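*Asks:* Sequence:
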Amino acid sequence: MDVEGSYAAFFSQAGIPVVQMSYVDDILQKMSRVAFPRKHTQYDRFSLFREHVDPELRAHATVAAVAGELVRTLADSLFLPFNLFDYAQLLKDLCISLHLHAHGLDLAPLDAAVKNFSDAAYNFHSRQNGLDTSDPMAIRMVNDQLLLLERVFLDPRGLPRNPYKKHLVLSPPELPTYMDEMFPGIMDEFTRLVDELGSPTDPGPHLDVLRQHYALLVQVIQQAADTLAAVVPPYT
1 MDVEGSYAAF FSQAGIPVVQ MSYVDDILQK MSRVAFPRKH TQYDRFSLFR EHVDPELRAH
61 ATVAAVAGEL VRTLADSLFL PFNLFDYAQL LKDLCISLHL HAHGLDLAPL DAAVKNFSDA
121 AYNFHSRQNG LDTSDPMAIR MVNDQLLLLE RVFLDPRGLP RNPYKKHLVL SPPELPTYMD
181 EMFPGIMDEF TRLVDELGSP TDPGPHLDVL RQHYALLVQV IQQAADTLAA VVPPYT
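Numbering follows our numbering, with no gaps: position 106 of the sequence shown is 106.
Because the hints were derived from the structure by calculation, they are not lab data.
Quantities reported herein were computed from a predicted structural model and do not represent experimental measurements.
Built from N, CA and C at the ideal position, the CB exists for glycine as well.
Each hint should be verified, as a subset may be incorrect.
To be verified - Estimated spans, in silico, between C-beta atoms of each pair:
id : residue 1 : residue 2 : range
1  : L78       : Y164      : 47 to 57 Å
2  : D195      : R38       : 24 to 34 Å
3  : L48       : G204      : 48 to 58 Å
4  : Y7        : E69       : 16 to 26 Å
5  : T41       : K92       : 17 to 27 Å
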């Protein structure tokens with residue numbers, strides 16, 4: 001997923017799930033956005049596509065057909081086809097990366113929150129598999145939980161260095177870094193601390209921001225786990 005693409009605001013600010021589709025070969029896949037350097041410039045016009053990029057619009061027609069089939073599948077699905085195990089694995093991977101650059105942080109609370117989310121995801125899908133599919137209210141509750149989960153990871157104040165990036169897990173980091181991929185707000189503060197090593201600048205304010213954001217991140221992940229808990233139907 002291109003976290004800085006045109007649709008990034010949907011999930012980084014509004015917590016709306018998005019899907020990325022493109023028509024590329026192996027070479028273009030490796031080149032990524034470099035394959036189309038005119039993107040988001042004054043030369044990014046339909047005439048360019050029509051004359052050079054996709055003269056017969058075959059690639060556009062193919063992507064449109066795939067998108068249409070995806071929308072049809074979503075509309076016909078009883079449950080939203082979201083696999084929470086993928087999200088749990090993402091959180092685990094980011095947590096493992098953070099362990100390599102802990103910088104004195106106590107990661108036990110984060111480990112516990114990520115484990116709670118993984119357990120909640122397992123229990124959620126177990127309940128989903130045993131659900132009475134003839135009960136529309138039960139189906140609606142499961143779909144609502146799946147749909148709204150992404151918004152739990154939002155903080156209205158945004159990342160410490162960019163208030164417009166509100167997703168604490170999937171937002172792109174604000175600063176370029178050499179480190180492995182990890183939680184964006186944590187990565188930004190680590191990068192700033194490393195850049196200022198040996199300088200006369202007092203690292204205290206950066207450490208305070210780092211600790212505060214870390215505590216918020218743990219809380220948000222735990223809230224996401226709680227969101228997946230079983231919901232008592234209002235009519236019972």
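*Asks:* Does each hint fit the structure? Answer for all of them.
*Replies:* Each hint, compared with the structure:
1. L78 with Y164: 47 to 57 Å: violated, 36 Å
2. D195 with R38: 24 to 34 Å: Holds: the Cβ-Cβ distance is about 33 Å, inside 24 to 34 Å.
3. L48 with G204: 48 to 58 Å: holds, 51 Å
4. Y7 with E69: 16 to 26 Å: holds, 19 Å
5. T41 with K92: 17 to 27 Å: About 39 Å separates the Cβ atoms of T41 and K92, which means 17 to 27 Å is violated.
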